[in-house]
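So the sequences go chain by chain: X and S. By the UniProt record's numbering, the letter at position 200 of the first sequence is numbered 200, and the numbering carries on one by one without gaps. By the UniProt record's numbering, the letter at position 124 of the second sequence is numbered 124, and the numbering carries on one by one without gaps.
It is worth saying that the hints were derived from the structure and are not from the lab. All C-beta atoms, glycine included, are put in the ideal place defined by N, C-alpha and C. Treat the hints with care, as some may be off.
Stated by the list, open to error - Calculated Cβ distances over 12 Å to all of chain X for the following chain S residues:
1) GLU48
2) THR56
3) VAL108
As the list claims (entries may be wrong) - Quick list of the computed label-pair ranges, beta carbon to beta carbon:
4) X:GLN95 with S:ALA135: 52 to 60 Å
5) S:ASN93 with X:ASP116: 50 to 58 Å
6) X:GLN95 with S:VAL110: 42 to 50 Å
7) S:GLU94 with X:ARG87: 50 to 58 Å
8) X:GLN95 with S:THR32: 49 to 57 Å
9) X:ASP191 with S:ALA72: 48 to 56 Å
10) S:SER82 with X:SER179: 47 to 55 Å
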Amino acid sequence: MTTTSTLVLENVERTHGTGETAVHALRGVSLTVSAGELVAVMGPSGSGKSTLLNVAGGLDTPTGGTVSVDGADLAGLSRAGLDRLRRRTMGFVFQDLNLIPSLTAIENVSLPLELDGLSVRKARAAAKDALGKVGILELADRFPEHMSGGQQQRAAIARALVGDRRLVLADEPTGALDSTTGEAVLRTLRDQCDDGAAGLLVTHESRHAAWADRVVFLRDGVVVDTTGDPATPESLLSRVI
Amino acid sequence: MSIKHSLLALLQSGPMYGAQLRQEFEHRTGGTWPLNVGQVYTTLGRLERDALVVSTGAADEEGRIAYQLTDAGRAEVQQWWSVPVGREQTPRNELAIKLALAVTLPGVDVQQIVQTQRTATMTHLRDLTRLKRGADGEDLAWELVLESLIFADEAEVRWLDHVEARISRLTPTRAKASRTAPVATAENAGAREGARR
C-alpha cells in the first residue's frame, strides 16, 4: 500500500498565531491518497478543508506532522525542489480558473511545461494531448474570453493535468458551473484518476463528492469520519438496491 | 408503491402472464424494487376480481395464464397517468422521526447521529454514482430510477447539513462549554474562513 501512496499526510497540524489567540486550522490530520484513487474532503466552512488542500500541495506549511508526495517529505525539500515538484508532479484546479487572458487555450496549458524548460514544440504536443483528454481540442486556439465557463474550466483542468501529473488537487473545481458542465468536469477528473493519478477534491456538494472513491469528513480541523472503500462491481448492485 | 397500476400499465403493451409481468417490471426499474411472483399473482387475482383484467384463455402447457386489460382496466391506467402521485399521506420517515426525538430527549449526541447518517448516506450516494458512471445512456428507464435515488440521497445530505447548522446555532453556549479551548479557537478560524468566502 505505501509504495503506491502518492500523497501521505501524517498527523498534520496547522496553527496560525500563538498563545491564547492561536487558531488551529488542522489538528492532527492523517490521510493517504493512492495512485488511481480520488478522495473527496467534505466539511462545513471553516472545517479546514482548504487548508488541508494547500498543505498537501505545498502552498502552505504545516506547523506539525509530515506531508509526503511520491515518497518525498515536503519539509525536506529546498524552495527550488518544492517548486519543481509542484510544477512537474502536482496539478491544481481552483474555483477561480486563473487562465491567462492574453494566451490561447493551448498556450495556457503548455505554459507550465515551457516554464519547466521543455521545448515549445514538445510542450505544445503535450498540451494538445491534455486538451484532447478534456474534450476541447478544437478550442486550442481560442482565448479564454471566447470560451464558455465550462470550456474554460476544462482548459484549467487540462493545464493542471498536462505532462506527468501524479497528484491532482482540486478545490471546488465546479464552482459556478451548471450541473451538466460540472458533471463533465468531474468526469474528466475521475478519468485522470482512473488513468493512474491520485486526486484530492475539496467540495461541499455531496453530488460531487460522490464521484470519489472515499469521502473524508473534516470538522474543526479533525477527520471525524470516512466512508468505507467502494463496493466491488459484483456486490454493488445488491448493496445499492 | 402501486403494484396494481404498474401491472396494468405493463399490460397496455399486450397480454402477459405473471412471470413475464414481473420480469418486465424489474427490467424497467433495474431491479430496484424486486417483486416476488406471489405478489404479482395476488395482485392479478384482485385485478381480475375487479374486472380490470381478464384471462386470455386456459392455461398453456406450462400452466401459465396470460392476462389482458379490459376497457375498465384501460380507463384505470389512463386515470393513473393523468393524476399526480399522492402526497397527502406523508410516508413515515425514520430519520426525521429519529432526529425529532433526538433533539427533544436529554443525553442524546445529535451531532454524532447526524455524522453517522451522513457517512452512510454519502457511501450509498457514491455507490449509486459509480453505477451511473457505468451506465452507457442506453437504458433510459433504469438511469432515471438511479437518478431519482441519487437526488433523494443528495437531499438527505443537504438536510443533515441543515440540521447540524441549526443545532450549532441554537445551542452556542452548550456547544462551546462542552469543548476544549483549542476547539473554541478553531471555531474562530471557522468564522474567519467563513467571512473570507
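Which of the numbered hints are not met once you compare them with the structure shown? Hints 4, 6, 8 and 10 contradicted; others consistent.
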